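Q: Make a model of the complete structure from these sequences and hints.
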Amino acid sequence: MLDSKGEQIAVMSKADALAKAQADGLDLVLIAEHAKPPVAKIIDFKKFLYQEEKKQKEARKGIKKGVVKDIKLSLFIGPADLDRMIARGVEFLKDGNQVRLNLGLRGREMGKTKMAFDLIHNCITKLGDVNIAKEPKLEGRVVRAVVAKKK
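Start counting the sequence shown at 0; every next residue gets the next number (numbering that gives the first Met the number 0).
Don't read these hints as lab results, they were simulated from the structure.
Errors might be hidden in some of the hints.
[Claimed, not checked] Calculated pairs, DSBU-like style, for lysine-lysine (alpha carbon to alpha carbon, straight line, at most 35 Å):
(1) K19 with K53
(2) K54 with K113
(3) K148 with K93
(4) K71 with K148
(5) K113 with K56
(6) K148 with K68
(7) K125 with K148
(8) K71 with K111
(9) K53 with K136
(10) K136 with K148
(11) K71 with K13
(12) K53 with K13
(13) K46 with K56
(14) K93 with K35
(15) K68 with K133
(16) K54 with K149
(17) K93 with K71
(18) K46 with K68
(19) K35 with K56
(20) K93 with K150
(21) K93 with K113
(22) K71 with K54
(23) K125 with K113
(24) K35 with K54
(25) K13 with K45
(26) K113 with K136
(27) K35 with K68
(28) K68 with K45
[As the list claims (entries may be wrong)] Pairwise CB distance ranges (calculated):
(29) K113 with V66: 30 to 40 Å
(30) E138 with V28: 27 to 37 Å
(31) A132 with L29: 20 to 30 Å
(32) Q21 with K149: 53 to 63 Å
A quick note: this is a predicted structure, and the numbers were derived from the prediction, not measured.
From the three backbone atoms N, C-alpha and C, an ideal C-beta is built for every residue, glycine too.
A: Have a look at this one:
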């Protein structure tokens, strides 16, 4: 049993702890349920929730949100343009972002979906050592794949 300042009071029964908490006008909060004996703390419950929320917000500050960056390709893209797009994708991956490869098919290009998938797979291999977050898939008139840097 801990008091509101975090100091250990004593080991007591649940009924005694509840009575002490009510006498102080505070709440009895179970902190470590699986410990032997279970640890409870006499505190204001709303204040406890506020402090926990504050800790969680502080923990989330250091995490960078994974942004998905798009790279738009076409089926008959030139080799120099493809290399430029691959270089841009490598930069995005170094920054910790995911890269979505979009290859749009127009008109008669819809009959060349195998070529489109080959180009997407070629781009994935040129991006280097990456995880494929979403396998290449034909969605309407666009072949899409999402890759991320390996950890």
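Q: Please go over all the hints and tell whether each is borne out by the structure.
A: Results for each hint:
no.	hint	verdict
1	K19 with K53	28 Å, holds
2	K54 with K113	51 Å, violated
3	K148 with K93	8 Å, holds
4	K71 with K148	19 Å, holds
5	K113 with K56	47 Å, violated
6	K148 with K68	13 Å, holds
7	K125 with K148	13 Å, holds
8	K71 with K111	17 Å, holds
9	K53 with K136	42 Å, violated
10	K136 with K148	20 Å, holds
11	K71 with K13	64 Å, violated
12	K53 with K13	29 Å, holds
13	K46 with K56	15 Å, holds
14	K93 with K35	47 Å, violated
15	K68 with K133	14 Å, holds
16	K54 with K149	29 Å, holds
17	K93 with K71	19 Å, holds
18	K46 with K68	41 Å, violated
19	K35 with K56	30 Å, holds
20	K93 with K150	11 Å, holds
21	K93 with K113	30 Å, holds
22	K71 with K54	40 Å, violated
23	K125 with K113	18 Å, holds
24	K35 with K54	26 Å, holds
25	K13 with K45	21 Å, holds
26	K113 with K136	11 Å, holds
27	K35 with K68	50 Å, violated
28	K68 with K45	41 Å, violated
29	K113 with V66: 30 to 40 Å	31 Å, holds
30	E138 with V28: 27 to 37 Å	49 Å, violated
31	A132 with L29: 20 to 30 Å	39 Å, violated
32	Q21 with K149: 53 to 63 Å	55 Å, holds
Against the hints set out earlier in the document, violations occur for numbers 2, 5, 9, 11, 14, 18, 22, 27, 28, 30 and 31.
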